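Colleague: Below are the chains, spelled out letter by letter.
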Amino acid sequence: SQQGEEDPQALSIQEGENATMNCSYKTSINNLQWYRQNSGRGLVHLILIRSNEREKHSGRLRVTLDTSKKSSSLLITASRAADTASYFCATDAGGTSYGKLTFGQGTILTVHP
Amino acid sequence: DGGITQSPKYLFRKEGQNVTLSCEQNLNHDAMYWYRQDPGQGLRLIYYSQIVNDFQKGDIAEGYSVSREKKESFPLTVTSAQKNPTAFYLCASRRVGIYGYTFGSGTRLTVV
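Line order of the protein sequences matches chains V and B.
Heads up: the first sequence runs through residues 239 to 351, numbered per our numbering.
Heads up: the second sequence runs through residues -2 to 109, numbered per our numbering.
These are calculated hints, taken from the structure and not from any lab test.
These numbers come from a predicted model, not from an experiment.
Misleading hints may appear alongside valid ones.
[Unchecked claim] Taking lysine-lysine and the DSS-like style, the derived pairs with C-alpha atoms no more than 30 Å apart in a straight line are:
no., chain 1, residue 1, chain 2, residue 2
1, V, K294, V, K308
2, V, K264, V, K307
3, B, K6, B, K54
4, V, K338, B, K68
5, V, K264, V, K294
6, B, K54, V, K264
7, V, K264, V, K338
8, B, K11, B, K80
9, V, K338, V, K307
10, B, K80, V, K338
11, B, K6, B, K67
12, B, K68, V, K308
13, B, K67, V, K307
14, B, K54, B, K80
15, B, K80, B, K6
16, B, K68, V, K307
17, B, K67, B, K54
18, V, K338, V, K308
19, V, K294, V, K338
20, B, K6, B, K68
21, V, K264, B, K6
[To be verified] Selected chain V positions facing chain B (Cβ under 8 Å, derived; list incomplete):
no., residue
22, L281
23, H283
24, L286
25, R288
26, N290
27, H295
28, G337
29, F341
30, G342
[Unchecked claim] Far from chain B, by Cβ distances over 12 Å, these chain V residues were calculated:
no., residue
31, E243
32, E253
33, T305
34, K308
35, L313
36, A320
37, P351
Backbone N, C-alpha and C fix where the C-beta goes; we use that ideal spot for every residue, glycine too.
The shape of chain V in the complex, shown without the other chains:
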C-alpha cells in the first residue's frame, strides 16, 4: 500500500531558485524520511524527521512536518543542476511496523542551468 503521496509529480526550475516538494500520508507515523534517487541508481537518505519534531535543517535542505495535517514538505534552497533527481518521502508507522518504510511515488525535479 502506498502511504505517501507527493506533490507535484514533476517540478522544473532554474538554477538558483528554491524547490518545494510536498508529501501527504494517511496513518500516524513514528518518523518521516526523504530520499533522493538519480536516474537508474539507488536511493540516498537525505533527512529524517521524528513525529515530535516540526522542522529540521540539513545544509540547503529544510523539512517541515505537520502531523495534524499528515503532511510534510521538503525545501531545497538555491538549487543547482546537480540537484536534478527524483525525491521520495517515506513513512515509518512505528509499532509492529517499526523500521518498515512505505514510499510515495516521488517528485521528479529538473533544475536547468
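Starting from the known structure of chain V, fit chain B onto it as the hints suggest.
Modeller: Below, chain B alone, put in the same frame as chain V:
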C-alpha cells in the same frame, strides 16, 4: 569503505526460470529490506529481515523468496511464480534505532 553491494547490475531471465539477486552489506546493520520499483513508481516492499534467520513478507511477497543465514547477506530469489518480474530491485539495510536506510545501487531484471 562500508556499503551495500547488489549484484548483478543487469539480469535477464527466461520464462519459467528462477533467478537469485545478491545483496551483501558490511555496515554491521541488523535489518535488511528488498524493494521493487516499477517505471515512474515508488518503491514497494517485498521482504524484510530484522535479524538473522528471521524474515517477514512485505506488501508484494508472492512469487519471491529470501533467506537470511548471515547478517551480511540477504539474497532474493525471483521464482517462476512471479508473473511480472521485470523491474528494478533495490536492497537496503538499516541499523538498530531510528535511522534511515542505506541502499544498494540496484539490479535491473528483465524477462526475455
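Colleague: When the hints from earlier in the document are held up against this structure, which numbers fail?
Modeller: 12, 13, 16, 21, 26, 27 and 31
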